[in-house]
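Asker: One letter stands for each residue in the lines below.
2 protein chains.
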Amino acid sequence: MPHAITFQPAGRTVTVSAGTSLIDAAEQAALEISQPCGSQGRCGRCVVKVESGAVRRRSTLRLTAEDLAAGYALACQTVVQGDAVITIPPQEKARRTLVTDKTAGRVELPFPYVPAVDQPLQAIHVEMEPPSMADQTDDWSRLKRALLPKLDCKTLTISMPMLRRLGGILRQADWRVTAVVETGAWDRAECPARLVNLRPGFSENMLWGVAIDVGTTTVSVYLVDLVSGVVRAQAADYNGQIARGEDVISRIIYATKSKASNPDANRLEMQQLVVETINRLIRTVASEAHVAEVDIDKAVVVGNSTMIHLLLGLDGSTIRLDPYVTAVNQPPILTAEQLGLIINPGGTVDCLPGVASYVGADITAGVLSSRMNDATDLTLFLDVGTNGEMVLGTADWLITCACSAGPAFEGAGVLHGMRATRGAIEEIWVNRNDLEPSYRVIGDVAPQGLCGSALINLLAELFITGVIDKAGNVNADVETPRVRKGEFGPEYLIAAADETAAGVGDIVLTKADIDNLLRAKAAIYAGFDVLATAVGVDLADVSKILIGGNFGKYINVEKAIQIGLLPDADWDKFHFLGNTAVRGAYMALLSQSARSQITGIADMMTYLELSADNTFYDVFTSALFLPHTDWDRFPSVKALFENGSRASEQPAER
Amino acid sequence: MPHAITFQPAGRTVTVSAGTSLIDAAEQAALEISQPCGSQGRCGRCVVKVESGAVRRRSTLRLTAEDLAAGYALACQTVVQGDAVITIPPQEKARRTLVTDKTAGRVELPFPYVPAVDQPLQAIHVEMEPPSMADQTDDWSRLKRALLPKLDCKTLTISMPMLRRLGGILRQADWRVTAVVETGAWDRAECPARLVNLRPGFSENMLWGVAIDVGTTTVSVYLVDLVSGVVRAQAADYNGQIARGEDVISRIIYATKSKASNPDANRLEMQQLVVETINRLIRTVASEAHVAEVDIDKAVVVGNSTMIHLLLGLDGSTIRLDPYVTAVNQPPILTAEQLGLIINPGGTVDCLPGVASYVGADITAGVLSSRMNDATDLTLFLDVGTNGEMVLGTADWLITCACSAGPAFEGAGVLHGMRATRGAIEEIWVNRNDLEPSYRVIGDVAPQGLCGSALINLLAELFITGVIDKAGNVNADVETPRVRKGEFGPEYLIAAADETAAGVGDIVLTKADIDNLLRAKAAIYAGFDVLATAVGVDLADVSKILIGGNFGKYINVEKAIQIGLLPDADWDKFHFLGNTAVRGAYMALLSQSARSQITGIADMMTYLELSADNTFYDVFTSALFLPHTDWDRFPSVKALFENGSRASEQPAER
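Sequence order for the protein chains is C and W.
Note that my numbering numbers the first sequence so that position 515 is 515, with each residue one more than the last.
Note that my numbering numbers the second sequence so that position 423 is 423, with each residue one more than the last.
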């Protein structure tokens, strides 16, 4: 029986059948409710108020007895049983402006670029005799006859959409055209060249491509002039899927959730959301460089395996379920039309190969871009985002693993954590004498919270100054008004309400926050540890530590070593490389050889599944301390304490 | 300014802007008006009556002054200028039942079929270890690892739709599946094998394909069991495009006509019409053989070049315009999904190669099926439909041409002509003494008209009995009430109104009909003549004359020679092969070798463009007589006259 559900304050009423979830009813009413956990009923962010009417709460997780008494319900866990009036509270809007001055530095050419050698796309001028009674060759054979002698291959293929436009373009152009042809990289088999585009007349020497990094949080696009090899424009924005889950697991859960109307609806929605984000960014870079979108003939895409699955509309459910396998690590090459990208519909979309469910193309591309695959000495590569992926090896061998660090370093799971946007404290120091903090805020405004780099800073500073001990407990004997008893136990006050942004109140770091940060850093260090043990090397023997990702770009090595997040190596061994993923895609876009090297990297990597590794839990537990149970692994930190730290205790022997 | 147009007798009113054609307004009102000439204003079949209101007639071809005075107008040539009331007269319904007993004879295996050698599709049982923590290989690599060792190739490709279903099928089937793989024929380049289908479990030895002949008038489908090679069901039906043009030229004109709403609308409509016809036939054969449509993994398609262009949604406009070139003679291979066929969406659709605008895949496939390409002696192949296509040659060389015979032999352009359906006179004799006719009707019912074979019969009988002379004029001195003066000049009465079907009236053959038939037969004979002259051979030296097409199946050789349609050869040199086109497609569906032979045939054929041949008009003119100006080319007919024909005059020397 249908029931009328009225949503306030919008005042919209929809008719739905009994058993419909409030989230589906709201969607039917075209009203947005955030679902950061992907409709799992875990995050509590989809809370709504039932003003009147009959509903059934399947789960009330995160709601208190008072909440329930006041009528609150989780929209994703509550179903309609009769007519009802529901109030949707104001939805938190993610701040959708990335700090572009931090993402749009000039990108250097990664290698001397020789298009004739490197570039699989070629723009070729072709002139043909028009058809005549004496020569009735069909249009496609006529073009091939003129074009093939200019190519290093025997066969040329054409897609149906291109074939449908062929005759019109040839005649409009009076049989003088510029053909864009792709050789080599089109298929991994020994395949023929492919006609990608046909432009009337002899167009100037012009070829465009885009390198795309689909991050769980951020999507980045480079627009590349394939004639000079130069990045002409770049843009980044939040991945439109964020509203449907903040981490990969939530997104997979949302995408695989069946709707009665269409079991594929959520999967298709997720695909559309990220395609829309990419298209918006393509529009931005194209407009900035005064390039028509349809003149972009190729896209190279990287991302973690979940992001690539969702982009391709693949079912990612097996990624999150034991034994954690993907549908495909090396996806087939597509045309832009198949994905709905707004570049030339016949243009190539090449999703670079990944290795496993949690080591994706962002890592293989990152390894290429970091040149780790050329290293003669033992090298460690690390990319920290929501997950931490790491690779250990040399030019001859590579071993990799992924650890679920969780989103603590992205500011989630921390009371006053936030992303590195305007208003975030990004650096912080604690005075060793009076334990007073000083900090720097992105945008020089009143602070709203702490981003990842500040959290690492603060944890190290509190440890070094003795405010917290090696287990992360607040020392009882510390005398400062900054340390106080808060709602969730002991906490350290960073900024009082009068100095923070309006509505933020006091900014503090709680014991629960510290525990979350310890778990995150321990997961990453344990990953290093297991990799090194697996191949029988010592982390101390690593000659280079390459750190990719925007996270790495801003962290303070000294502080990261002090908390035991990074191995205790000389600071000059660390190299911060920024977004290695998009740069790897950029290299693959420029060069056939770089493209095949990435497949080589993917094929060569040995993947270690940490959840199947019996030693992982032990090394993780040992790493839950500051900097580590085994103090000798961190000689520089040990020395600091021995030389006059205010630390109240020396770390215990294990 | 919008105007209201009311259509009677339906009583539907639509609002359209000034300048809209009545045909578009009727379409908007969802009312059908026949357009056999493709909206060119030539056929007069879209006539409607303007009861009241303002319209402008852009053309009034085929309408008399009386018609105009009575308010008649051609819907395709008349545009709205104000509100109007229009009556659509009852539309002629094509009889949409083919005489199936004539098309559904048992089809023999064309050669000993050894699937392991011949068939590019293979169904392979594969069993895999399920993924585990010890083996997290991705689904696609896992399947390839198990499947590739069972194939003779190194690489296997997969489409996105197949990849999206992969993980689900593998798990549902508990990692025991039957993979359908296509090798070799998938791409003309040296391409990898392709995964076409995946069925859960070890399905019984089952593989299905369809061979499809898209004729201008008739579409034929064979359902083929690819395990035994046997045709399990066949069906034929009129091509759904007929309502939009009876010949290829009308259809191209209709398809390329731009609509304001969407310039591609007509092209897409034509594609959809033929796809619907094919899908209906696939449903018929699948149901007859108790096969699920999605278990059909391949379609091989033949047709003339226009039919293939329209099926693929290609712009055919250049086919009808000097210098008559196609967009493509060897179309790319597609998946069923790309065309909208209801077989397995990932199944292969292979449109066989043609040679030129008017010599299509129906002819290359016909040559293969006739085995002309193996002939050691000079052989002539002929396929007569709306056009006549012919091929002369041996295993070593082939020359081909097409002549626009027009649709006279299909019953069009002849006052009482009709297709070979129920009610058509298909055989007719004229008594040499009293000049009275006797005839046989398809279905043994009262006659409604004459089909092609009867027209040839009758023309020969009237000539042999002296009713008409060699120029096709009715002899003035013939004494029979059957010859009379009709509305359109002299005519021969075949059946009076009292013996014909209700509403038909007298069935006659007029002088205009005779002229049309003479032009048709002359065009075909002239084609033979030009081909033979071009290669310097004599038609008398031809050792075999192979006749394809349903037309050929029922004509009387003796009569066809007597009118000079076919060369005067011994009757045992003639072989009637029926639908060679669909049988060629059937062979290509069975065998990779047959498939490559067809490409070989297409590549080997020399195409002679008759409209560019200066001698064509002369030889055509000479062939406009019965049997020919040069009597010596038809010694058997000459002998007949010399040995006591009632012919009133001997043919003149040229």
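Check the hints yourself; a few may be wrong.
[Said to hold, decoys possible] Restraint ranges, calculated between C-beta atoms of paired labels, are given here:
#1 S287(C) / G19(W): 35 to 43 Å
#2 K150(W) / S141(C): 47 to 55 Å
#3 C153(C) / N205(W): 37 to 45 Å
[Unchecked claim] No more than 30 Å apart at the CA atoms, straight line, and that leaves these computed lysine-lysine pairs for DSSO-like:
#4 K257(C) / K511(C)
#5 K144(W) / K144(C)
#6 K470(W) / K544(W)
#7 K154(W) / K154(C)
#8 K638(C) / K511(C)
#9 K154(C) / K638(W)
#10 K544(W) / K511(W)
#11 K257(C) / K544(W)
#12 K485(C) / K573(C)
#13 K257(W) / K154(W)
#14 K150(W) / K144(C)
[What the hints assert, rightly or not] Covered stretches of chain C, going by a simulated chain W footprint (3 or more residues, C-beta under 8 Å):
#15 17 to 24
#16 434 to 445
Derived from the structure by calculation, the hints contain no laboratory data.
Glycine included, C-beta positions come from ideal geometry on N, C-alpha and C.
Asker: Confirm or reject each hint.
Answerer: To see whether the hints hold, each was checked on the structure:
no.	hint	in the structure
1	S287(C) / G19(W): 35 to 43 Å	38 Å, holds
2	K150(W) / S141(C): 47 to 55 Å	37 Å, violated
3	C153(C) / N205(W): 37 to 45 Å	39 Å, holds
4	K257(C) / K511(C)	36 Å, violated
5	K144(W) / K144(C)	34 Å, violated
6	K470(W) / K544(W)	28 Å, holds
7	K154(W) / K154(C)	21 Å, holds
8	K638(C) / K511(C)	24 Å, holds
9	K154(C) / K638(W)	57 Å, violated
10	K544(W) / K511(W)	34 Å, violated
11	K257(C) / K544(W)	67 Å, violated
12	K485(C) / K573(C)	41 Å, violated
13	K257(W) / K154(W)	48 Å, violated
14	K150(W) / K144(C)	36 Å, violated
15	17 to 24	violated (count 0)
16	434 to 445	violated (count 0)
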